[in-house]
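Peer 1: Here is how the chains run, residue by residue.
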Amino acid sequence: MKCTRLIPLALSFLLALPLMACQSGGGSAAEAGGASNVELLTWTNEPTVNFLNKISADFTKAYPQYTLIVSNIPTGDHDQSRETRISAGNIDIVSFQTFSHPQEEWNADYVDKPTWQQYVDGGLLMDLTDQPFMKNYNTGLLSGNTYNGKYYSMCTGTVAYTGLFYNKAIFDELGLREPNTWSEFVDICETVKSSGKYSIMTTGAAENWPLNMFGNAILSANYGDSRELGRKLLLGEIKHTDPELAKIYDCIEQFASYMEPGVAGVNYSDAPGRFAAGNMAMYADGSWTAPTIAEANPDLKFGYFSLPGLEARSDGLPPQFGIKYDLSFSVPSNAPNKDGALAFLEYFSRKDVYTDYLNAVGGFSPTQPDITLSNEFLNNLAPGLQSPNINPELTIYGLKGVGEYGANNGFNFLLLDVLGGPLSKTALAEAAEKDYDTARAAIESLK
Amino acid sequence: MKGADANRLRLFSHKIVFLSMLPGLLLYTVFRLIPSVTTGVLSFTDISGIPGAAWKWVGLANYKEFLVLQNIRDLINTIKRTGIYAISVTLIQNSLALLAAVVLNSKFLKARNFSRAVYFMPVILGAAVVATIWKLMFSTPTGPVFLFMQQVMGIENPPAVLSSYSLAFPAVIGAQIWQNMGYSMVIFLAGLQGIPEELYESADLDGASVWQAFWRVTFPLIWHALTVNTLLAIIGSLQSFELIMTITRGSFNTATLGMRVFATAFGGGGASATGAAISGLRQGYAAAQGMLLFAVVLIVTIISQSLMKKAEVEQS
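Protein chains in written order, with this note's numbering: chain P, 1 to 447; chain A, 448 to 763.
Isolated chain P (complex conformation) (with noise of 0.2 angstroms):
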């Protein structure tokens, strides 16, 4: 009888006890005395959830009350678990990209607020200006990741996106060099396929963004500062059957037709792995790549070049790089444990942590001045910093309820017959535009 009585009172014991874990976490521990958690999240990316991992115990001895817990989402679904994170106010450190495409008075009609804008201005992100830490940080650098002048992320680094890694064995073999034009691209392509002994190049095109990537990074390459092509095309003042933008859907042709075959089911995260391999002459990807390449295969030597547009620079400078800004760590204003998030921050952002933070990752330009690195992969890419470009991708706006041969800003490439698509570069000009009108209109008859 007794036990009768003693078996749902343990079972409803049993139950009970994640609920009382659950109302144990964040700051209550902390008013008891005890290390509170303090819970970053971030997407999936191996060296810095490594470093972040790395760094988390060093964080307690400097801030004994309280431990880092790194939380990693592959980055297809990072976002949607950060929106839901932040709703259940569970999340004490967040991480954006750029704060890019805001919806502004001249293009209001146009676009919708992306979701950092509609964080912001329902005030759930909290405004880091006046944060000691981000002293630290050349806001000069970082003033085109700011919302009506102030600082709601702290941005760790800033990439260079518009590049390809090269097998340099390959191209020693094949007596090739980085290229300064179109053309010389195009060669070093050709001369890869005709040696017949390598694959040209891959990416990860299952997640799609990677090959868009590279559709502004040919943007970049030929127009420099894109935003007022940005302006101009979501405006209807630019057409996509215009000779000038004809060219680059024939670059962008041609750069997909060199892709190594089935390219579009390569999954994002294989792709590393694959040209690690050494029998791809190249690889469509951003630098932040490179330390995953590295792990895969530590005795590869490779470099990493610049996608050149169709004449050579006038200014003598070798092709430039597209950049932009990298991960970004936000503190939620319903954060259950801000303090912690502060001081996480102010942590990461001391000049040791941080140098180290860029070495590990190894991919990420420096948002701090006077930082000095040992990785010898960053140092090479000076010389396409010089006068980097503003990447297309944070200036041409995607138009509201534009149909799919629009979509993806505008460039929609994927749908490119050479990647397996339905519509040849014409046809895909020709249906793009005609969606940016349909969608123009139905815009104005809203009005």
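Hints in this document: simulated from the structure, not taken from any laboratory.
Even for Gly, the Cβ is constructed at its ideal location relative to N, Cα and C.
Accuracy of the hints is not assured; some may be wrong.
[Said to hold, decoys possible] Residues from chain A that face chain P, not an exhaustive set, calculated with beta carbons under 10 angstroms:
#1 I497
#2 V599
#3 E603
#4 P606
#5 F699
#6 F713
[Stated by the list, open to error] Pairwise CB distance ranges (calculated):
#7 P:Q386 to A:V599: 50 to 56 angstroms
#8 P:T372 to A:T579: 39 to 45 angstroms
#9 P:A296 to A:I526: 55 to 61 angstroms
#10 A:P617 to P:D109: 28 to 34 angstroms
#11 P:E173 to A:A575: 40 to 46 angstroms
#12 P:D109 to A:R520: 17 to 23 angstroms
[Claimed, not checked] Keeping only pairs whose Cα atoms sit at most 27 angstroms apart, straight-line, the calculated DSS-like set for lysine-lysine is:
#13 P:K113 to A:K462
#14 P:K351 to P:K135
#15 P:K351 to P:K113
#16 P:K113 to P:K193
#17 A:K582 to A:K527
#18 P:K434 to A:K527
#19 P:K351 to P:K150
#20 P:K434 to A:K582
#21 A:K503 to P:K113
#22 P:K239 to P:K113
#23 A:K503 to P:K447
#24 P:K447 to A:K511
#25 P:K54 to P:K239
#26 P:K351 to P:K54
#27 P:K135 to P:K434
#28 P:K434 to P:K232
#29 P:K351 to P:K338
#30 P:K301 to P:K168
Based on these hints, arrange chain A on the given structure of chain P.
Peer 2: Just chain A now, kept in the frame of chain P:
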């Protein structure tokens, strides 16, 4: 028993019945009814889903935007795709489930319970696991399907199935069927186990073949199970978005209406129904789409149910 006692007993019985129903009613009200009504109300607002953000009543603006602003060609394609998805899943899933149920109901089959568990397993795996399995199977160029096409079928450049405009959609349909077939099978099995053995013995004495016994005895007696499975498959596939979201994120002509609603409400790393730009976090707009999807599901369900009933009457 005296009259007063009988009344008390009746009252007590009513109370017991009501109390027994109460947990179910409460759960239904809290988790179904209130959210559904709230969604209907929110469809007339511009709520974003961001806690604390201001929102206001916008009347029919969300419905107008859905029907006017978006690309009509893409919308029609999405509706067509949703129809193909629902019809394919309903027909193929039920056919395979019925076949599996008949085979697994056979008393001559060894390891019957084990086989049933194997068929049912995908149901409990969940969308994320099923999607991972599917992505691994079809990954390029190291997945088993790719290698099979290349090395066994001799195709020089096999297509990347999940990134193909013609093959990705059938692959997603396959995943939905594989995941849910076990559930339909269990319902069919329950129906089959309720058929008395004597009916088959009588049919056998009358000289009925196996097919005739199935068609004249089994099929009419599991009609209710078929009705339930058909409706569940139609409703499930019309609302489905999890597998599409996790396998292709709506790209490569795989987006359905359910996927579109989800992408509008929650975004998700560039996920969109048509590949077009949907920034997410527009829950008022997503609620309007959800209400329209509800209307579509309701109409299709009513039509299907009346057709199934009519067929049942004709059979009997």
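Peer 1: Compare the structure with each hint and give your call.
Peer 2: Consistency of the hints with the structure:
1. Taking 10 angstroms as the C-beta cut-off, the interface hint given for I497 (chain A) holds, the closest approach to chain P being about 4 angstroms.
2. This hint is violated: V599 (chain A) has a C-beta 17 angstroms from the nearest C-beta of chain P, more than the 10 angstroms allowed.
3. Here the hint on E603 (chain A) is kept, as its CB sits about 8 angstroms from the closest CB of chain P, short of 10 angstroms.
4. With a cut of 10 angstroms, the hint placing P606 (chain A) at the interface with chain P holds, because the nearest CB-to-CB distance is about 7 angstroms.
5. Against a cut-off of 10 angstroms between C-beta atoms, the interface hint on F699 (chain A) holds, since the closest Cβ of chain P lies about 8 angstroms away.
6. Of the supplied interface hints, the one on F713 (chain A) holds, with its beta-carbon coming within about 6 angstroms of a beta-carbon of chain P, less than 10 angstroms.
7. A hinted range of 50 to 56 angstroms for the beta carbons of Q386 (chain P) and V599 (chain A) is consistent with their spacing of about 53 angstroms.
8. A C-beta distance of roughly 43 angstroms is found between T372 (chain P) and T579 (chain A), which places it inside the suggested range of 39 to 45 angstroms.
9. Here the CB-CB span from A296 (chain P) to I526 (chain A) is close to 45 angstroms, at odds with the stated 55 to 61 angstroms.
10. As the Cβ distance of P617 (chain A) to D109 (chain P) is approximately 40 angstroms, the hint placing it in 28 to 34 angstroms is violated.
11. Checked against the hint of 40 to 46 angstroms, the pair E173 (chain P) and A575 (chain A) passes, with Cβ atoms roughly 44 angstroms apart.
12. Restraint check, D109 (chain P) to R520 (chain A): a C-beta distance of roughly 22 angstroms satisfies the suggested window 17 to 23 angstroms.
13. A hinted pair counts as satisfied when its Cα atoms are at most 27 angstroms apart, and K113 (chain P) with K462 (chain A) does not qualify at roughly 54 angstroms.
14. For the given pair, K351 (chain P) sits about 12 angstroms from K135 (chain P) by alpha-carbon distance, which is consistent with the 27 angstroms threshold.
15. The straight-line distance between the Cα atoms of K351 (chain P) and K113 (chain P) is roughly 35 angstroms, outside the 27 angstroms bound, and the hint therefore fails.
16. In summary, the hint linking K113 (chain P) to K193 (chain P) is not supported, as the alpha carbons are separated by about 45 angstroms, beyond the 27 angstroms threshold.
17. The straight-line distance between the Cα atoms of K582 (chain A) and K527 (chain A) is roughly 25 angstroms, inside the 27 angstroms bound, and the hint therefore holds.
18. Restraint check for K434 (chain P) and K527 (chain A): satisfied, since their Cα atoms lie roughly 22 angstroms apart, inside the 27 angstroms limit.
19. Note on K351 (chain P) and K150 (chain P): the hinted pairing holds, with a Cα-Cα distance of about 23 angstroms set against a maximum of 27 angstroms.
20. For the given pair, K434 (chain P) sits about 34 angstroms from K582 (chain A) by alpha-carbon distance, which is inconsistent with the 27 angstroms threshold.
21. This hinted pair checks out: K503 (chain A) and K113 (chain P) have alpha carbons roughly 16 angstroms apart, not beyond 27 angstroms.
22. For the given pair, K239 (chain P) sits about 24 angstroms from K113 (chain P) by alpha-carbon distance, which is consistent with the 27 angstroms threshold.
23. The straight-line distance between the Cα atoms of K503 (chain A) and K447 (chain P) is roughly 18 angstroms, inside the 27 angstroms bound, and the hint therefore holds.
24. Under the criterion of a C-alpha separation no larger than 27 angstroms, the hint pairing K447 (chain P) with K511 (chain A) is consistent with the structure, at around 12 angstroms.
25. Restraint check for K54 (chain P) and K239 (chain P): the C-alpha separation of about 50 angstroms exceeds 27 angstroms, so the hint is violated.
26. At most 27 angstroms may separate the alpha-carbon atoms for a hinted pair to count; K351 (chain P) and K54 (chain P) meet this at roughly 17 angstroms.
27. Taken as a hint, the K135 (chain P) and K434 (chain P) pair is broken in the structure, with Cα atoms around 48 angstroms apart against an allowance of 27 angstroms.
28. For the given pair, K434 (chain P) sits about 16 angstroms from K232 (chain P) by alpha-carbon distance, which is consistent with the 27 angstroms threshold.
29. Restraint check for K351 (chain P) and K338 (chain P): satisfied, since their Cα atoms lie roughly 22 angstroms apart, inside the 27 angstroms limit.
30. Only pairs whose Cα atoms come within 27 angstroms are accepted, and K301 (chain P) paired with K168 (chain P) is accepted, the gap being roughly 6 angstroms.
Comparing the model with each numbered hint stated earlier shows that hints 2, 9, 10, 13, 15, 16, 20, 25 and 27 do not hold.
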